[in-house]
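Trainee: Keeping their order, the protein sequence lines are chains A, D and R. Just so it is clear: in the first sequence, position 30 is 30 by the working numbering, and no numbers are missing. Just so it is clear: in the second sequence, position 270 is 270 by the working numbering, and no numbers are missing. Just so it is clear: in the third sequence, position 255 is 255 by the working numbering, and no numbers are missing.
Hints in this document: simulated from the structure, not taken from any laboratory. Beta carbons: idealized from backbone N, C-alpha and C, even for Gly. Please note that the accuracy of each hint is not assured.
With a cut-off of at most 20 Å between alpha-carbon atoms, the simulated EDC-like pairs for lysine to aspartate or glutamate come out as follows [as the list claims (entries may be wrong)]:
#1 Lys243/D x Asp224/D
#2 Lys279/A x Asp332/D
#3 Lys248/A x Glu262/A
#4 Lys237/R x Asp332/D
#5 Lys339/A x Asp320/D
#6 Lys120/A x Asp320/D
#7 Lys177/A x Asp224/D
#8 Lys104/A x Asp74/A
Partial list, computed: chain D residues near chain A (C-beta under 7 Å) [to be verified]:
#9 Phe62
#10 Ala116
#11 Thr199
#12 Pro218
#13 Gly311
#14 Phe349
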Amino acid sequence: MAGISFRNVTKRFGKTLAVNNASFDIQPGEFFCFFGPPLSGKSTVLKLILGLETPDEGEILIGGKPVNRISPADRNVAMVFQNLALFPHMTAGENVRFPLVERKVPEDKIRARVEAVAAKLHISHLLHKPPAQLSGGERQRVAIARALVRDPVAYLMDDPISALDARLREETRVELKRIQRDLGQTLIYVTHDQEEAMSIADRMAIMEEGEIRQIGSPTAIYDTPVSRYVARLLGAPMMNILPAVRGKALEMADGTISLPLEAVPDGAAHVGVRPEDLKVEPWNDARPGRPATVYEIEPLGGYTVVTVDTGAEKLKALMRGQPDIRLESAVALSCNPIKAHFFNQAGEAVSL
Amino acid sequence: MTAIHLENLVKRFGAFTALKTMDLEIRDGEFMALLGPSGCGKSTTMNMIAGMEQPSGGRITFDGRDMNGVAMGRRGVGFVFQNYAIFTHMNVYDNLAYGLKVRGTSASETDRRVKAMADFLQLTPMLDKPSAKLSVNILQRLAIGRSAIVEPAIFLLDEPLSNVDAAFRAVMRTELKHLQRQFRQTMVYVTHDQLEAMTMADRIAVMDHGVLQQVGTPLEVYNDPVNLFVADFIGSPGMNLLKGTLADSDRGLVIDLGALGVTAPLDPALSAVARTNGVREVVYGFRPERVVLATAGQGLAMPVTFIERIGARTVVHFGDGEQRVKAVFDNDIAVQTGETVHVAVEPRFARMFDAATGVAIREV
Amino acid sequence: MSMLATEEKLSVTGDRSTPETRIEDGGRRLGLMLTLPAQLLVLFIAVFPLLMQLYISLTDWSPLDGIGWWQAYELWNNFANYTDLAADSRFWDALGRTALVMAICVPAEFLLGLGLAILFMDNFVGKRLFYSVMLIPMMVVPAVAGYMFFMLFQSGGPVNDIVSTLIGRPFALAWLSSPGTALIAVMIADIWQWTPLMFLILLAGLVGVPEDQMRAATLLGASWSQRFRTIVMPKMKTIIIIALSIRVIENFKIFDTLYIMTGGGPGVATETISVYIYKVTQQDLIWGYVAAIALVILIALSILVSLAISRMNAAKEA
Chain A
1 MAGISFRNVT
11 KRFGKTLAVN
21 NASFDIQPGE
31 FFCFFGPPLS
41 GKSTVLKLIL
51 GLETPDEGEI
61 LIGGKPVNRI
71 SPADRNVAMV
81 FQNLALFPHM
91 TAGENVRFPL
101 VERKVPEDKI
111 RARVEAVAAK
121 LHISHLLHKP
131 PAQLSGGERQ
141 RVAIARALVR
151 DPVAYLMDDP
161 ISALDARLRE
171 ETRVELKRIQ
181 RDLGQTLIYV
191 THDQEEAMSI
201 ADRMAIMEEG
211 EIRQIGSPTA
221 IYDTPVSRYV
231 ARLLGAPMMN
241 ILPAVRGKAL
251 EMADGTISLP
261 LEAVPDGAAH
271 VGVRPEDLKV
281 EPWNDARPGR
291 PATVYEIEPL
301 GGYTVVTVDT
311 GAEKLKALMR
321 GQPDIRLESA
331 VALSCNPIKA
341 HFFNQAGEAV
351 SL
Chain D
1 MTAIHLENLV
11 KRFGAFTALK
21 TMDLEIRDGE
31 FMALLGPSGC
41 GKSTTMNMIA
51 GMEQPSGGRI
61 TFDGRDMNGV
71 AMGRRGVGFV
81 FQNYAIFTHM
91 NVYDNLAYGL
101 KVRGTSASET
111 DRRVKAMADF
121 LQLTPMLDKP
131 SAKLSVNILQ
141 RLAIGRSAIV
151 EPAIFLLDEP
161 LSNVDAAFRA
171 VMRTELKHLQ
181 RQFRQTMVYV
191 THDQLEAMTM
201 ADRIAVMDHG
211 VLQQVGTPLE
221 VYNDPVNLFV
231 ADFIGSPGMN
241 LLKGTLADSD
251 RGLVIDLGAL
261 GVTAPLDPAL
271 SAVARTNGVR
281 EVVYGFRPER
291 VVLATAGQGL
301 AMPVTFIERI
311 GARTVVHFGD
321 GEQRVKAVFD
331 NDIAVQTGET
341 VHVAVEPRFA
351 RMFDAATGVA
361 IREV
Chain R
1 MSMLATEEKL
11 SVTGDRSTPE
21 TRIEDGGRRL
31 GLMLTLPAQL
41 LVLFIAVFPL
51 LMQLYISLTD
61 WSPLDGIGWW
71 QAYELWNNFA
81 NYTDLAADSR
91 FWDALGRTAL
101 VMAICVPAEF
111 LLGLGLAILF
121 MDNFVGKRLF
131 YSVMLIPMMV
141 VPAVAGYMFF
151 MLFQSGGPVN
161 DIVSTLIGRP
171 FALAWLSSPG
181 TALIAVMIAD
191 IWQWTPLMFL
201 ILLAGLVGVP
211 EDQMRAATLL
221 GASWSQRFRT
231 IVMPKMKTII
241 IIALSIRVIE
251 NFKIFDTLYI
261 MTGGGPGVAT
271 ETISVYIYKV
281 TQQDLIWGYV
291 AAIALVILIA
301 LSILVSLAIS
311 RMNAAKEA
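Using the sequences provided together with the hints, build the complete structure.
Mentor: Written out as structure tokens, the structure reads:
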């Protein structure tokens with residue numbers, strides 16, 4: 001178990017800046033997630049940690065020691081590829097010991113390690129069974145045990161559960177997180193699924209074009225994004241971004257929403273409103289401002305996504321439960337200024 | 001604008017029965033989702049509607065006309081393939097124009113309609129581009145446009161969103177639904193994603209292992225699943241399902257959940273059904289969104305084992321093993337991992353299933 | 001759909017592809033140096049015979065002259081071979097005949113092969129058997145095929161017997177010894193032997209036409225012939241050009257079957273370029289002249305093939 005740090009690391013491929021001046025500290029025992037669109041540099045960061053690529057500038061530290069000149073084999077960092085599926089022709093125990101046998105670890109050490117991991121994951125009594133005789137949950141635990149049976153200083157995982165179906169993904173990510181917490185291992189995780197990242201990461205780094213835009217806990221990034229870009233990456237439906245006009249109040253979306261000027265920081269050019277913070281109510285003529293029309297209603301069961309057309313744009317609101325709202329009806333929009341996010345012309349967050 | 005009627009439809013591939021006697025009426029102008037895991041028979045059903053597969057038994061009628069023996073090109077069906085099946089040797093314009101050209105539509109009329117469709121789907125800037133190099137997001141719109149331009153009476157879509165990325169999928173869900181509402185075409189939409197079915201369909205046909213499980217509006221299948229399969233398949237997270245035994249108490253009929261204690265008294269109507277039914281071993285079901293925190297002494301006492309905060313909502317996991325419960329709360333919920341809290345569900349939101357058959361016990 | 005444009009830019013999907021490690025310029029130079037010897041050898045093997053041919057074609061050299069070919073400059077003839085060739089009517093007749101055979105055989109083989117390939121796209125009883133039988137002609141050694149057709153087209157041979165039966169009176173045409181029919185017989189033999197190759201290549205092409213695109217076209221209301229014209233043919237453009245190129249080049253060199261059937265006769269009635277060259281080389285032994293002929297043909301064929309390839313590349317671009 002060790003921390004991993006980057007100090008101003010830059011990696012170029014020809015003229016492309018794959019990673020630009022990246023600095024971060026991953027704490028020992030932390031579940032750390034890299035999240036960003038394709039080609040944002042997250043896979044290159046993994047390769048730099050593994051030692052498959054060497055940085056052009058800057059320093060990489062593992063457990064406090066510089067490793068720039070240390071070969072991948074000597075870094076003792078384990079890469080777990082997309083393999084959270086079991087070999088059906090082996091028993092659970094053979095599956096778990098497989099990575100160690102493959103690395104020609106002595107038999108007594110294999111046995112000790114497999115026993116230790118199996119005990120932690122509560123699967124000791126299942127080791128003699130073939131995967132076909134295990135329940136779905138047991139199979140996941142065995143698969144995770146196999147992924148974690150080595151004893152490296154840190155694990156790296158690149159989208160390990162994307163091949164599973166939606167329901168199993170929900171279960172597996174929770175299981176993975178709980179086991180990582182029990183084992184106390186450093187785990188670095190790359191995913192393209194924002195829900196997965198928010199669910200399991202202790203902290204996460206948001207990447208764009210080779211640069212780290214924000215590092216923090218998922219909750220902190222979700223609640224206080226540093227830019228429009230970061231704000232739109234997390235959350236489903238995405239945050240509504242509205243151009244704002246200063247008048248007697250801050251007017252948005254053709255005057256369908258307004259905020260009192262005293263609640264608005266200087267330089268705010270756009271206002272971000274999370275769908276769950278956009279309040280949709282039936283219109284009544286006594287209200288100031290203008291109504292919006294209900295464009296589409298999408299019931300999710302426990303929640304309902306309502307798309308409203310303000311004339312200037314379409315906004316999404318996430319409402320709890322199964323509200324009684326009619327298509328094409330006139331509605332009033334509002335937002336608590338405390339919940340609003342403000343961004344300047346350059347897209348950076350500004351606050352009072 | 002055509003009603004589709006499937007009557008006793010059966011499809012066998014050799015010894016394997018892909019579809020067991022399916023009866024389904026898809027109404028004129030309706031958006032019907034065929035939903036189920038892979039291998040449930042949904043694609044087979046759709047291929048038979050399109051005429052790409054022939055039924056082994058039963059029949060399909062469009063507005064009462066028997067489609068048996070009618071070639072797929074003559075059914076007036078628009079089909080959007082999962083991989084879009086774009087004509088890769090043509091540019092965007094020629095793909096859009098294809099259906100009109102083969103029908104012998106005049107050049108000026110074709111041009112007018114292609115441009116209108118391109119404008120509508122925001123494809124105008126790439127009309128001259130070869131279609132082989134376009135991104136999936138564009139291919140998807142092109143595939144829809146190519147089918148829509150000939151104004152088919154029935155529109156069939158085979159998992160059209162499974163290849164596009166999450167953000168774009170959310171946008172397309174809303175737009176597809178809106179498109180269908182404008183055109184009022186009968187739309188059949190095959191998907192394995194319950195979210196897509198819930199958000200877009202007027203009604204959902206839930207299928208499993210070649211058997212139609214339930215047909216209803218999204219909220220009907222969500223609120224009142226007919227069996228355990230539907231209860232678990234619909235919703236994210238799925239319905240909480242706990243095994244228990246019916247028992248009488250001084251407050252009415254309750255479910256004894258063993259170590260978890262007993263539930264609140266059941267809804268009187270549901271109790272009456274359960275009593276006449278005579279079943280004792282049941283599964284108690286409730287939606288994670290319906291869970292509320294109760295004061296001590298009420299509801300079920302359960303340890304918090306895990307908390308996931310996912311954007312706007314917080315999913316709290318309770319208990320372990322067979323007796324696990326998930327609850328979805330707003331982010332201001334104040335619970336901590338390790339503490340034991342009391343959770344409750346209003347009786348009107350509680351559901352009950354026969355443990356032996358998995359069938360819902362409910363008022364008919 | 002005003003949201004589309006902005007949403008796309010923000011889309012987040014799986015990140016599997018990373019910029020590949022570029023081969024640096026130094027590495028590329030090393031690679032070139034390592035492969036240079038092999039490249040030179042290939043160049044030598046390809047270019048040397050050509051240069052030698054060009055050299056000899058400018059002289060009157062013949063192996064009977066008693067001097068080595070490298071001393072052929074002593075017999076320099078001021079391009080006489082090329083001027084002779086321009087005036088050689090036997091050469092031009094042979095070339096014309098070769099072109100005629102090509103113009104009839106290659107399209108016939110193509111159309112027959114395509115028709116058969118289309119039939120084989122459907123399932124029918126005995127498909128496997130027919131398939132094997134179809135390929136037999138291609139496997140027959142051309143010389144053997146030559147003897148086969150030589151026998152078939154004798155005046156008392158099976159072809160005339162069948163025609164007699166069909167028309168109900170004796171028919172005894174001496175196919176191979178009448179100038180009008182010998183070429184027809186030769187072409188029939190060529191078509192018999194090479195249609196299977198066309199069939200095979202075109203079948204591979206047809207199988208490669210994506211089925212879902214065909215279905216999509218059907219569902220859009222396209223008839224069979226419309227699908228064939230708008231989907232199948234464009235998709236098969238490349239493979240058709242390849243198939244035609246192979247047959248044009250091969251057919252231009254038509255020799256063995258023909259030579260065994262007719263020997264180029266009667267007279268010069270079936271004398272194609274290859275037969276002509278063979279006769280000039282083996283019987284007249286004027287090698288300088290032969291070299292000139294060969295070069296002219298090579299250049300002509302190269303132009304033809306490069307035209308075909310540029311068409312193919314244009315098809316790919318589109």
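Trainee: Now tell me, hint by hint, if it's right for this structure.
Mentor: Consistency of the hints with the structure:
1. Lys243/D x Asp224/D: holds, 18 Å
2. Lys279/A x Asp332/D: holds, 17 Å
3. Lys248/A x Glu262/A: holds, 11 Å
4. Lys237/R x Asp332/D: This hinted pair is violated, its Cα atoms lying about 65 Å apart.
5. Lys339/A x Asp320/D: violated, 36 Å
6. Lys120/A x Asp320/D: holds, 15 Å
7. Lys177/A x Asp224/D: Violated, at about 33 Å.
8. Lys104/A x Asp74/A: The hint holds at about 16 Å.
9. Phe62: violated, 28 Å
10. Ala116: With Cβ-Cβ at 21 Å, over 7 Å, it is violated.
11. Thr199: holds, 4 Å
12. Pro218: Interface hint status for proline 218/D: holds (5 Å vs cutoff 7 Å).
13. Gly311: Hint on glycine 311/D: holds, closest Cβ of chain A at ~5 Å, below 7 Å.
14. Phe349: violated, 11 Å
In terms of the numbered hints stated before, the structure departs from hints 4, 5, 7, 9, 10, 14, listed from lowest to highest.
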